[in-house]
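> Chain by chain, the residues run as shown.
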Amino acid sequence: MKSGSRFRFVANIVAPFLGLLLVILIFSLLPEVQDRFLRPGNFKSVATQSVIVALAALGMTFVIISGGIDLSVASNIALSSCIVAFIINAGLPPWLGILGGILTGSAIGLINGSLITSLRLVPFIITLGMLGIARGAAKWLAGNQKIDAPITWVNDLMARSPQPPWLLLAPGIWLMILLAAAMAVVLRFTVFGRHVFAIGSNEAAARLCGILTRRTKVIIYGLAGLFCGMSGVMQFSRLTVGDPTVAVGLELDIIAAVVIGGGSLSGGQGSILGSMIGVFIMAFLRNGSTMMGWPNYIQEIIIGIIIVVAVSLDQIRYRRET
Amino acid sequence: MKCISKSFGATRALDNVHFDLKRGEVHALLGENGAGKSTLIKILSGAIRPTRGTMNLEGVKYSPASPLEGRKMGISVIYQELNLAPHMTVEENIMLGQEWRACGFLRRKKMREKVREMLRLVSHPEIAPDVPVKRLSVAARQIVEISRALLEKARILIMDEPTSSLSGEDRNRLFGLIKQLKGQGVSIVYISHFLEEVQQVADRFSVLRDGKNVGSGQMEEISLDRIIQLMVGKKVREVFPRLPHEVGPVALAAFKLRGKRMQAEVTLSLHRGEILGLAGLVGSGRTEFLRALFGLDACHEGVLRIGKEEIAMAGPRLRIDHGIGFLSEDRQGEGLAPSQSVADNLTLSRLAPYSRFGFLRLGLRNRAVERWVQRMKIKAQSPGQSILTLSGGNQQKVALARLLHQEARVLLLDEPTRGIDIISKLQVYQWMAELAAKGKAILFVSSYLPELLNVCDRIAVFYRGQLAEVRPASEWNDQSLTAAATTGRTSAALH
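Read top to bottom, the protein sequences are chains S and X. Numbering of the first sequence is given in numbering that gives the first Met the number 0, commencing with residue 0 and proceeding in unit increments. Numbering of the second sequence is given in numbering that gives the first Met the number 0, commencing with residue 0 and proceeding in unit increments.
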């Protein structure tokens, strides 16, 4: 009983972590892909592929712990990446493009948060609306086609072999690791993080305790938007063009990652480490299945099953606990 | 501390109520359901504002705009579990909203120390600060809330029914803590239906009835009987229709039945042509008993017979097929489908007569519903009208009509007259009498004593989850019923 929360924290992380190990183990034992799968280069490319989902999942973790949902993340990524392309294409310096992308993402998030708190509508509806609005805006900006942009150092952010070789990993991956660590600290060791949990656990109680629930929520959605903006920059870096139709349906992957990692859609539960593990479970599955030559639909079915199994295991554990 | 006097205008939920609270005293606020206690504490805590009247706190004018402001002024309300975040730990809950910080970061070690100190202060050092609140017992959750209030430097604690779900030992520990807080100069407003406890813990009392302050004074100078008299008052006699009806053979019998949410097993039988009243406080186990009878909660113990047939424990569908009908006390939440029409609500439990191969014959159903609307005197324009556009009384009539439409022979009615106008009420009484005369069996849960006394053949009283006593209605009166419901014994009021 004494170290209750530490035990609980460990238990919440161990389950998804075992899942991740299991996925890696299965593919390492399949003789067809064994040697290719276990190569460090492959791990590197899985990590590169995960950056976009992972960054957005960081923000989504905050949103889901606070008892909300953000369906507009994928559209937000597409819009931000188009903004980056647009600015660089206009001949402006690349750093301005990055800044523009991140600001766009944050603005979308702040609008989500403000609408949710001022109109008092459920996040599902507001962000569902924003899903359409941001996607439409991206297509409008891009004139319904791809925005070409000259190759700049921005594209090195997601390069498979990083430019100064001593970096070992692409700058995007380092960014993902650093931000994940920072967000884990914010969630567990700051007043803001604690208030996020309180709002998701019992919003009425949080308000009664003097927590500024509306302001906190606006910040939470703004943060989610900020991460989408960064994710959009990475998306552009990888594609080298601004594609308004990119990342369609990616919001479901992002939500799935958080949920597999122990986030509860009714709020109050979740962790950054869990969400990151969720991201990697899905990334390794995709990677391994592709190597096996399994068709796309098999991957989709497997991931679907994993979501249901992961969440129901979590529920069973939860019920036993209480 | 001489604090509050206030009066109320338009709604008359409270009518010129005066209330004062001294420093370091326990003041019991008493009254029946709907007497105005909740309104009073809501005003005190800042949840609502009085229409008239003023409050003073330690000689300074006090008019909180929100519960938060009230708390800042040192007035905290302790509800059962409403105000805790279940996923978060004891420490996180106690410090919530007043975290100690350094540049936005939590000072966890310092806070942990403080929380331990608080828990020691309330004599509950065994509660571990890092356990999530959802794993604590109700008693421990209460301690967490009290600790939080004390951390906020509460000067006045309002405890609303603090013991209704506590066991005997936890109750005594709470009383010990109350005494201790009193000694530290904290004033406590203590609201409870359990009069013997009140006598044990309170220094002074105030009784509210129909929004008026009908008496207050020193606790030790008054007897329980006198308090009950003050609470009950002299009620105006209403007209209760009575039809002669024969009590027949047993229609429904529960033998040592215990549903999942019941605290104790109950043995009770209901006869055809009988109206059996269930009295008791809110939360005394009446509703849980009804839910178990109707199969809404699983029963793992006991036997249930309908007529002579012993029935296996199964869900509501089977109960309806056996001729049992259940009217929920929560009309909006559970009793009716609020977005649907009168016709849908009336026929939902028995659509068979209007369906052919699974397709509904809406014309046929509409004609049948129109007949029901007429027969039950429901004020509705058409069967397709949304149920929400009807008045509370008419909604209730639709809910009742559903039970009759499903041809229930045993009716379980949970607070059927709550929140409906007087004319609809009288109609409900009339139907109950008619149905009993036709040989139907009725179980009638009510918190309104006059209707129980005048409508029922027998009345059973629940107290703290147990069936305390069953007697013919003629052997009960206002006082003995109130006494049985609040103390579990009738002797307190028998002179």
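Simulated from the structure, these hints should not be mistaken for lab results. A quick note: this is a predicted structure, and the numbers were derived from the prediction, not measured. It is possible that some hints are incorrect.
[Unchecked claim] Examples of chain X residues toward chain S, derived with CB under 10 Å:
#1 M72
#2 P85
#3 W99
#4 R100
#5 R107
#6 E450
#7 T486
[What the hints assert, rightly or not] Here are some chain S residues the structure puts well away from chain X; computed CB gaps all over 12 Å:
#8 L127
#9 V185
#10 I210
#11 G303
For glycine and all other residues, C-beta sits at the position ideal for the given N, C-alpha and C.
> All the hints need checking, so say for each whether the structure fits it.
Status of the hints after comparison with the structure:
1. For M72/X, the interface hint is violated, since its Cβ never comes within 10 Å of a Cβ in chain S; the closest pair sits about 13 Å apart.
2. For P85/X, the shortest C-beta to C-beta distance to chain S is roughly 6 Å, which falls under 10 Å, so the interface hint holds.
3. Checking W99/X against chain S by beta carbon gives a least distance of about 9 Å; that is within 10 Å, so the hint holds.
4. Checking R100/X against chain S by beta carbon gives a least distance of about 5 Å; that is within 10 Å, so the hint holds.
5. About 7 Å separates the beta-carbon of R107/X from the nearest beta-carbon of chain S, less than 10 Å, and the hint is met.
6. A distance limit of 10 Å between C-beta atoms decides the matter here; for E450/X the minimum to chain S is near 35 Å, and the interface restraint is violated.
7. Interface restraint check: T486/X against chain S, minimum CB-CB distance 34 Å, threshold 10 Å, status violated.
8. Distance check for L127/S against chain X: the nearest CB is about 21 Å away, which clears 12 Å, and the non-interface claim stands.
9. Not every CB of chain X lies more than 12 Å from the CB of V185/S, the least distance being 9 Å, so the non-interface label is violated.
10. Residue-level check failed: I210/S sits 5 Å from the nearest beta carbon of chain X, not beyond 12 Å.
11. For G303/S, the condition that its CB be more than 12 Å from all CB atoms of chain X holds, with the nearest at approximately 27 Å.
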